[in-house]
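J.: Sequence:
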Amino acid sequence: MNKRPSLPVRIATSGLRWYLEHGTLPSTQRPAIAVIIDDVKANGSPEEQELLAMLSSRAAGVFVSYHVRANDDLRGCIGTISATTSNVLEEICRNTVCAGTEDPRFRPITINELPNLTCSVDVLGAAEPISGFDELDVKRYGVIVSNGRRRGLLLPDLEGVDTPQEQVSIALAKAGIHPHAPYDMERFEVIRYE
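Take 1 as the starting number for the sequence shown in the working numbering and just add one per residue.
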């Protein structure tokens, strides 16, 4: 039996579907999202209602990722390092559209693809400065590297990323920072919803 997707994933996938069908950005006020929120308020478990309250009242950076169900290949992933909206639900609504249609590595997701994709939502915790690789654990912490205005981020617990050195190297490449240039590092934890 398939497990029901988490509330953040239901918000993300409904938001992307709304955008692809209507061409307008999703929000908690749009019917596609509002019906999910109303259902959780009326019929959700106490845990789900508590999660809804937290996501509605907290602001944080959020990454939304889409993968091909058949082989788990990445299909789109975009997010924000820190909050750009008033709460996590709105951050999910904004970032699901970006992940689905604006990731420069991929062509935009089409509505016909949605049933063949899985989604995950990572809500970022506060970043803290670190001074070396020994303060990273690729399963537990994501990393942010920065040099001036250039910043790169890599989420934790990604397949094929086995060492802190690999994690930092990928983040540096994403930021366009030369590996021998000076850079600062921060680590953060995430809550991953699937």
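Derived from the structure by calculation, the hints contain no laboratory data. Just so you know, even glycine gets a beta-carbon here, dropped at the ideal spot from N, CA and C. There may be inaccurate statements among the hints.
Below 25 Å or equal to it, Euclidean Cα-Cα: the simulated DSS-like pairs (lysine-lysine) are [unchecked claim]:
| hint | residue 1 | residue 2 |
| --- | --- | --- |
| 1 | K139 | K3 |
| 2 | K3 | K41 |
| 3 | K139 | K174 |
Okay, the calculated beta carbon distance ranges per label pair [to be verified]:
| hint | residue 1 | residue 2 | range |
| --- | --- | --- | --- |
| 4 | S57 | E135 | 26 to 32 Å |
| 5 | S57 | E159 | 20 to 26 Å |
| 6 | E50 | S169 | 18 to 24 Å |
J.: Work down the list of hints and note, for each, if the structure agrees.
T.: Hints versus structure:
| no. | hint | verdict |
| --- | --- | --- |
| 1 | K139 with K3 | 23 Å, holds |
| 2 | K3 with K41 | 20 Å, holds |
| 3 | K139 with K174 | 19 Å, holds |
| 4 | S57 with E135: 26 to 32 Å | 31 Å, holds |
| 5 | S57 with E159: 20 to 26 Å | 33 Å, violated |
| 6 | E50 with S169: 18 to 24 Å | 39 Å, violated |
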